[in-house]
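These protein sequence lines map, in sequence, to chains A and B.
For our numbering, add 24 to where a residue sits in the first sequence, where the first one is 1.
For our numbering, add 550 to where a residue sits in the second sequence, where the first one is 1.
Treat the hints as calculated values from the structure; they're not laboratory data.
Beta carbons: idealized from backbone N, C-alpha and C, even for Gly.
Where hints are given, some of them may not hold.
A few chain A residues that face chain B, going by a derived Cβ cut-off under 10 angstroms, partial list only [said to hold, decoys possible]:
1. Val92
2. Leu119
3. Pro172
4. Ile255
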Amino acid sequence: MPIQFPKKPGLVIYLTAGDPDLETTKQIAIAAIDAGADVLELGVPFSDPLADGPVIQRAMERAVGRGVRLTDVLTLCKAIRAERPKGGLILFSYLNPVLRMGMEPFCVAAKAAGADGVLLTDMIVEEASEYMAAMKKHGLAPVFLAAPTSPDDRLKAIAEHTEGFLYAISRTGITGVSSTLSDDASKLVQRIRQFTDKPIALGFGVSNAEHVRTVGEYADAAVIGSAIVAIIEKSTPQEAPAAVAEFVRGLRR
Amino acid sequence: MEHSIIDPVRTLGNGRFGAYGGRYVPETLMAALQELERAYAAVREDQAFQGELAALLKDYVGRPTPLYFAKRLSESLGGAKIYLKREDLLHTGAHKINNALGQALLARRMGKQRIIAETGAGQHGVATATVCALFGMECVIYMGEEDMRRQELNVYRMRLLGAEVRGVGAGSATLKDAINEAMRDWVTNVRTTFYILGSALGAHPYPTMVRDFHRVISREAKQQILEHEGKLPNAVIACVGGGSNAIGAFYEFIPEPNVRLIGVEAGGRGTALGEHAARFSGGLPGVLQGTYSYVLQNDAGQVATTHSVSAGLDYASVGPEHAMLHDQGRATYTSATDTEALDAVKVLSRTEGILPALESAHAVAEAIKQAPKLAKTDVILVNVSGRGDKDMGILAREMELKGAGA
Ligand SMILES: Cc1ncc(COP(=O)(O)O)c(C=O)c1O
Chain A
25 MPIQFPKKPG LVIYLTAGDP DLETTKQIAI AAIDAGADVL ELGVPFSDPL
75 ADGPVIQRAM ERAVGRGVRL TDVLTLCKAI RAERPKGGLI LFSYLNPVLR
125 MGMEPFCVAA KAAGADGVLL TDMIVEEASE YMAAMKKHGL APVFLAAPTS
175 PDDRLKAIAE HTEGFLYAIS RTGITGVSST LSDDASKLVQ RIRQFTDKPI
225 ALGFGVSNAE HVRTVGEYAD AAVIGSAIVA IIEKSTPQEA PAAVAEFVRG
275 LRR
Chain B
551 MEHSIIDPVR TLGNGRFGAY GGRYVPETLM AALQELERAY AAVREDQAFQ
601 GELAALLKDY VGRPTPLYFA KRLSESLGGA KIYLKREDLL HTGAHKINNA
651 LGQALLARRM GKQRIIAETG AGQHGVATAT VCALFGMECV IYMGEEDMRR
701 QELNVYRMRL LGAEVRGVGA GSATLKDAIN EAMRDWVTNV RTTFYILGSA
751 LGAHPYPTMV RDFHRVISRE AKQQILEHEG KLPNAVIACV GGGSNAIGAF
801 YEFIPEPNVR LIGVEAGGRG TALGEHAARF SGGLPGVLQG TYSYVLQNDA
851 GQVATTHSVS AGLDYASVGP EHAMLHDQGR ATYTSATDTE ALDAVKVLSR
901 TEGILPALES AHAVAEAIKQ APKLAKTDVI LVNVSGRGDK DMGILAREME
951 LKGAGA
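For reference, chain B alone in the conformation it holds in the complex:
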């Protein structure tokens, strides 16, 4: 690195997205974050690393994913043409593996054999357990006990893949609590352990690194929509938990002023604090888990509990790059309620034969609202971040699928 004229750490940026981002962590983690920053900066420009990642994304993960014109859905809504970016077709069933694979390759380069991760919906946990199996690494996944209950199938998958799943009972026993526990593990075992953070969250360099690994979504989608339509979409829509699939889907479109970027948060079951995870309408800037961003909190600065039918969106903060895009007005953030998301699952399943994850269904719900307001020549691109197989238990309960009706 000393021989390079351009300092790769500098080109990575300082971890600030406008006022947001940064590094607010216990001192014990700083050396590890700086080591990670240097290692990541080095592989970012490294042909061999990027080549290996690209080859695995193609042959193991199944990239590129299709961009599919949802004709029946579009016609039934009577407005814009809706295209679906099919991240749900990836190996393990969600976009999460783009990032898990990238970070696992980096961990291997750094000589770290022990991997930890948090998971909400279990998709990042499954993706991490999968790449650990692929590379023969030790894998510990932290998961809130509430999430273990509602995403039970993914718990079994992780265990089958050889990972140890550690339940977290603190707080509301969901994603935030799992991240706290993963960070405690990391602080304790920092010398030997690589933390594969699952969203565009946390201290620098994570938000930048995670975004880079998901950028492939918009890189492909931009080219694909030009092939299909000969023009850019009017809007790109993605659900926003921590914000990784959304930042990946938005990124290559940010410099295109005529493409609206719409992030969809979890509206849950009401607008009172604790009933949703809509950070941009209900939150204020603050620091949670290493980064400065919008945080759902009370007036004493205690972080609020959240609710969403989808475990992956059920989180009190949001990635700092989204906070910047929000304040700049470059992206807008709306929300879909639990009910709207459940309805969207049914609509997409029955018009297109595609069962989206409950998280992704929030984005579909927004497309269902937007499409009728637009002209038939307009184009909406929806990122379907994952598939809904993992949600069958919840869907069976919520939709009363056990009887003949529904």
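Next up, chain A with everything else stripped away, as it sits in the complex:
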């Protein structure tokens, strides 16, 4: 499935795979798609999530502690794809687990699992030639991030190389919920627009329906991560899918 945002703003929902357990993540993913998520980001648990704030760090720590690994996330992706052929599915990872598997075997497996694309937090465009070649060969979309600190020449390169959508980071900082959206956010999206017509999804700190509405005024989609992971943290595994679905439905109301 190509990544699409038919309704504005689109919704990209992040889940740390395997938190609280893989079966529950699958149920949450399906519930989120049914509630209106256009794209799911399946986060691969990693021991050293240096771009993440406390909420996602804790989720990763729990999942790593349970032994959840990249191959498990690929299996999960395949299971979700089997149930929901039309949902957008992105694998979200730090680079090292992917390197450990090998770039080429990873891309083969990601394609076979029905993933549409991949987002690597610590992969910048300059270092990405091997990665992009492997992704292209297997028809996968490499999603790149742009930051408020990125100068125009970098934004141009990022816009050129990203596929599926461009992930705009709303503020300098790590992932995590916040009460207000940074002023940096709309300025960044405007700057990116000079270089591309590809969809732009804004994330980091997007936490509620009001934020989503604001994001919809200038971007194509909103990425909601820590707010979802925090709901999962507070719910029992039985409650989590319905709790996430209700939250997702409320985001675009």
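Guided by the hints, dock chain B with the ligand onto chain A, whose structure is given.
The following block gives chain B with the ligand in isolation, referenced to the frame of chain A:
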């Protein structure tokens, strides 16, 4: 910079050491890394900057450090002559200040008033807190809670110097976790903050810049050994945590094919993953904290926990230039166990009256193994990267110094 024929950024290299190094960071940091790269490239050739650094290294830090012939140690081992490069005599007690001072001068040039750093053994934290006091800068140090416990004296020193020490409880609460937290701070405050990274690690330009600031160790040592012995040493030995003292001690000897370069990693208390920090025997190439190098990890690519009696060597990856030297066979990497390091502390203390840091003791332990195998005319140069005052708590416990014996 536009007026220069040679682009200083290009002369700095691309941050690759063979296949290793590079830049694997969140995009938010890229502009800062590029700004740092340009600023560093400019001062690298700048007479005024280098002159100011040299003057402070001499008058404030105490360079040059002596190269001392350890006669009693050498005689007791009955082999090669052992020379000690005395980085332990530097202000603040370890080589770390060479780099902290260089980076702080650069931060001042760049107009950054807020400094952050990570620390393992606390020596880099103390060095950074010291130069921040010297220049009147704000200073925040990230340190694993386990390291705060075992290097408690350095925590007090940092606070006394006016730094804020922030404990990190994640993971095994050691150096790797402190670096994660420092990087999170940097991503958040990147516009105002300079990150003084403490070893030859991380994304470009750090491994090159940190190496350059420690290169003075081998520059002095090469000249000094020629004065003492009229020849180059057979081997240079240094301990390897992130690899900063080792790359500094090796660098000027790399073009000398007859000088063996030996890096000593932490063998800890066993060979199982999690029990040591011997990256070259137990690790595989991977990316951790911005750079591609050898990383201790499991088969899923999760970074392993590590163990060493010395906080400064207790880290899952290693500087990328060492990874290259390893693969080229130009340097060899061995390890010393906790016990061997503790024994080496005692041996050096009692033969020479020199109390080495537990990190440096790993290098001394290797010299103790090598010297008897060599001829009396052979020469070994050991970099004593720091002094052991900070380790007295650990030494008291481990060696049962509290009683009459030991
Ligand atoms: C005295 C001393 N030696 C060595 C090290 C290890 O660091 P590196 O390998 O960067 O020299 C440390 C780190 O804390 C240290 O304090």
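Any of the earlier hints contradicted here, and which numbers?
4
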